[in-house]
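Student: Given the sequences, and given the hints that come with them, work out the whole structure.
These protein sequence lines map, in sequence, to chains S and Z. 1 is the number of the first residue of the first sequence in the UniProt record's numbering; add one for each residue after it. 1 is the number of the first residue of the second sequence in the UniProt record's numbering; add one for each residue after it.
Hints were generated in silico from the structure; no laboratory data involved. The C-beta atom is built at its ideal place from N, Cα and C for all residues, glycine as well. A few of these clues could be false.
As the list claims (entries may be wrong) - According to the in silico footprint, chain S covers these stretches of chain Z (three or more CB under 8 Å from chain S):
| hint | segment |
| --- | --- |
| 1 | 101 to 112 |
| 2 | 144 to 157 |
| 3 | 162 to 173 |
Unchecked claim - Over the 12 Å line for every Cβ pair with chain S, so calculated as not near, a few chain Z residues:
| hint | residue |
| --- | --- |
| 4 | H32 |
| 5 | G48 |
| 6 | Q187 |
| 7 | T191 |
To be verified - Using C-beta positions, here's what the derived DEER-type ranges look like:
| hint | chain 1 | residue 1 | chain 2 | residue 2 | range |
| --- | --- | --- | --- | --- | --- |
| 8 | S | A33 | Z | R75 | 46 to 54 Å |
| 9 | Z | S11 | S | H32 | 32 to 40 Å |
| 10 | S | G88 | Z | D99 | 33 to 41 Å |
Here is how the chains run, residue by residue.
There are 2 protein chains.
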Amino acid sequence: MPTREPKQERSRATRQRLLESAIDCLAAYGWHATTMGVVAEHAGVSRGAAQHHFPTREDLITAALEYMTESRLERIRAEVDALPQGPGRTEAALRRVVDCFTDPLFKAALQVWTAAAADERLRARIVPLEERFGRRAHHATVELLGVDDSDPLAHRLVQATLDMARGFGLADVLTDDSARRSGIIRQWAATLDAALAPGREQPEWTL
Amino acid sequence: MPTREPKQERSRATRQRLLESAIDCLAAYGWHATTMGVVAEHAGVSRGAAQHHFPTREDLITAALEYMTESRLERIRAEVDALPQGPGRTEAALRRVVDCFTDPLFKAALQVWTAAAADERLRARIVPLEERFGRRAHHATVELLGVDDSDPLAHRLVQATLDMARGFGLADVLTDDSARRSGIIRQWAATLDAALAPGREQPEWTL
Chain S
1 MPTREPKQER
11 SRATRQRLLE
21 SAIDCLAAYG
31 WHATTMGVVA
41 EHAGVSRGAA
51 QHHFPTREDL
61 ITAALEYMTE
71 SRLERIRAEV
81 DALPQGPGRT
91 EAALRRVVDC
101 FTDPLFKAAL
111 QVWTAAAADE
121 RLRARIVPLE
131 ERFGRRAHHA
141 TVELLGVDDS
151 DPLAHRLVQA
161 TLDMARGFGL
171 ADVLTDDSAR
181 RSGIIRQWAA
191 TLDAALAPGR
201 EQPEWTL
Chain Z
1 MPTREPKQER
11 SRATRQRLLE
21 SAIDCLAAYG
31 WHATTMGVVA
41 EHAGVSRGAA
51 QHHFPTREDL
61 ITAALEYMTE
71 SRLERIRAEV
81 DALPQGPGRT
91 EAALRRVVDC
101 FTDPLFKAAL
111 QVWTAAAADE
121 RLRARIVPLE
131 ERFGRRAHHA
141 TVELLGVDDS
151 DPLAHRLVQA
161 TLDMARGFGL
171 ADVLTDDSAR
181 RSGIIRQWAA
191 TLDAALAPGR
201 EQPEWTL
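Tutor: Encoded structure:
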């Protein structure tokens, strides 16, 4: 069956174009304007072909978030070995983490979260996805920072780092906030290093 | 003119009900569903009366964000004197700050920011408002924490605190995140106290 393989490959390529287009459209036009028709057109695919892959808009958008987040996490993990060793590591690791919260994928996800806040049915689909992503982002950040997550202090500071990164993401939605956050990231790296230095006195705080 | 005063008062009360209803509707139904008609109905006002106060939906929503944020900031400032002195102060202050990012006003503002991300005209109205709010939130946080904002380390850590609070706000949109963030706030208070302790060694970092 010599035509089988190319057909499957075309189908997979179409699917991937739809997933990427869904993220582009969400980030650029927002939730409400990102209809099946708009995404299909952006992907250069007929509406029927799009619906063959994804029966509903929610199916498409959920799959797009899932696919793009998995790729993003894989890319981040591949970068762990490329981080500088020694003094600059924490800052470099933090910049990688924050990059994930200021890219078009985050801006697309923000559109979905905000829509889900006012849509019970969408929320039921998004919440389990978010919980899984949250755990995976935590593990990736632990690896990037090279800290011991079984240390309660380190665990909390990784969580704080991710909350801060999420806040940077939100501050970057309406204007380019990169200059402001750059100094804060630098400071945060120094604070993390001081708080987690070997032989540190742990601040008064117990689980 | 004995009827003059009550009429003005009624008009002011109507205006205020519209502003509060706009925030309620945004937080509960989202940006797209928060039309002039929906807000007027929620406020128990005719559509014509609503439009007398606010010619367009954008006028109403911008005024609502402005009014509610100013009231919120005033309330926060009034609480400065009620904070405990000594060891518990930083944590208590942080909880006040985070409360502002997890209340319905934040959820309403999130709907507007997200809509503005995909709407050039709305963004032009929201960005200057956001810049002013950002500066005022920074000053209020400095007062609550009782730190010296002319110290570059303190300044950056206040900024980091607000970014983290914004991240907490976003994490609270789809599910109640209060238990998770409570431990992080406690840890962050201890880290801030250690970093800003008198006689501290400032982490290696210069402006």
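Student: Now tell me if each hint is right for this structure.
Tutor: Tested hints:
1. 101 to 112: holds (count 3)
2. 144 to 157: holds (count 3)
3. 162 to 173: With 11 residues close enough to chain S, the hint holds.
4. H32: 5 Å, violated
5. G48: 27 Å, holds
6. Q187: 4 Å, violated
7. T191: 6 Å, violated
8. S:A33 - Z:R75: 46 to 54 Å: 37 Å, violated
9. Z:S11 - S:H32: 32 to 40 Å: 34 Å, holds
10. S:G88 - Z:D99: 33 to 41 Å: Check passed, 37 Å falls within 33 to 41 Å.
Hint compliance for this structure: hints 4, 6, 7, 8 are not met, and every other hint is.
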